[in-house]
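If you're matching positions, the sequence shown starts at 0 in numbering that gives the first Met the number 0 and goes up one per residue.
It should be emphasised that the hints constitute simulated quantities derived from the structure, not laboratory data. A quick note: this is a predicted structure, and the numbers were derived from the prediction, not measured. Beta carbons: idealized from backbone N, C-alpha and C, even for Gly. Do not rely on the hints blindly, as some may be mistaken.
Computed list of lysine-lysine pairs in DSS-like fashion (alpha-carbon distance at most 30 angstroms, straight line) [as the list claims (entries may be wrong)]:
#, residue 1, residue 2
1, K67, K103
2, K103, K88
3, K137, K66
4, K88, K101
5, K67, K137
Each pair of labels, with its calculated beta carbon distance range [unchecked claim]:
#, residue 1, residue 2, range
6, F81, L119, 16 to 26 angstroms
7, G8, K175, 51 to 61 angstroms
8, E144, T172, 41 to 51 angstroms
9, S63, E139, 15 to 25 angstroms
10, E146, C57, 20 to 30 angstroms
11, E146, T172, 33 to 43 angstroms
12, Y148, Q173, 35 to 45 angstroms
13, A87, V9, 48 to 58 angstroms
14, L109, V9, 41 to 51 angstroms
15, G8, K137, 18 to 28 angstroms
16, F160, A133, 35 to 45 angstroms
17, G8, N168, 48 to 58 angstroms
18, G8, L164, 37 to 47 angstroms
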Amino acid sequence: MIPSCVQCGVNVQHLDQDDSDLMRALKEASRTENTSHAYNLLDLFNEHSLRSPLCYSCNLNALSEMKKELTEIGQETNAYEFALRDLAKDKECQPYCPGPMKRKLSDLSLEELMLEQELLSLEVQEELLCDDIASQIKVEHQLREEEEYLARERRRCQREFVENLEAWNGIHTQSKYYNSSTKTLQCEDVINRISSSFPPPVYSEKK
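Please model the entire structure based on the sequences and the hints provided.
Structure follows, in structure tokens:
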């Protein structure tokens, strides 16, 4: 039975692969607190959809979405790094109690680490999607070659059929002619009809 895409329902050629490593990476990267600004990847993909086949078009859409998320996470990481540097500068320039700021810096560092882990998991998922797309392209190329071969065979069979039909018609026509000629020759008066077609012989008188 040919599997179908879970997004659009189109039949796809699916190459089985173990997604357990991908799911484990997503779950590890998604263990964030409710107050964190990091994306929870399990809100975007669930385990069922990751274990179900996607068609070539849906794979491209998913890859595009992953690249978009990757860019946004990179931008968010850069923003946190700028904020950390600004806070470090403010700490050097302004007198204040270091306790709350240290805790905030620690929280930001922890969140940055989580973002880096999520970024790594997205890169792993992007690589898997690229491999899946490459497999789909290979299958599509094989199917196209098979279709071209079958088309050539169909044309060859049609030509042979026409040639055999013409030969059969010729043999059938000759057979009808031979049967008709045989029946004519088998008639009782065929000799009389043949002899009547010739003029009577002329005999010369003897002197």
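We went through each hint and held it up to the structure:
1. K67 with K103: Holds, at about 28 angstroms.
2. K103 with K88: Given that 30 angstroms is the threshold and the Cα spacing comes to 15 angstroms, the pair holds.
3. K137 with K66: Holds: K137 and K66 sit about 23 angstroms apart, inside 30 angstroms.
4. K88 with K101: Answer holds: K88 to K101 is near 13 angstroms, not above 30 angstroms.
5. K67 with K137: holds, 26 angstroms
6. F81 with L119: 16 to 26 angstroms: holds, 21 angstroms
7. G8 with K175: 51 to 61 angstroms: For K175 against G8, whose Cβ atoms are near 58 angstroms apart, the range 51 to 61 angstroms holds.
8. E144 with T172: 41 to 51 angstroms: holds, 43 angstroms
9. S63 with E139: 15 to 25 angstroms: The hinted range 15 to 25 angstroms holds for S63 and E139, with Cβ atoms some 19 angstroms apart.
10. E146 with C57: 20 to 30 angstroms: holds, 23 angstroms
11. E146 with T172: 33 to 43 angstroms: holds, 39 angstroms
12. Y148 with Q173: 35 to 45 angstroms: holds, 38 angstroms
13. A87 with V9: 48 to 58 angstroms: Holds - the Cβ-Cβ distance for A87 and V9, about 53 angstroms, lies within 48 to 58 angstroms.
14. L109 with V9: 41 to 51 angstroms: 43 angstroms Cβ-Cβ, so the 41 to 51 angstroms window holds.
15. G8 with K137: 18 to 28 angstroms: holds, 23 angstroms
16. F160 with A133: 35 to 45 angstroms: At 41 angstroms between Cβs, range holds.
17. G8 with N168: 48 to 58 angstroms: Since G8 and N168 have Cβ atoms about 50 angstroms apart, the given range 48 to 58 angstroms holds.
18. G8 with L164: 37 to 47 angstroms: Hint holds: Cβ distance 44 angstroms, inside 37 to 47 angstroms.
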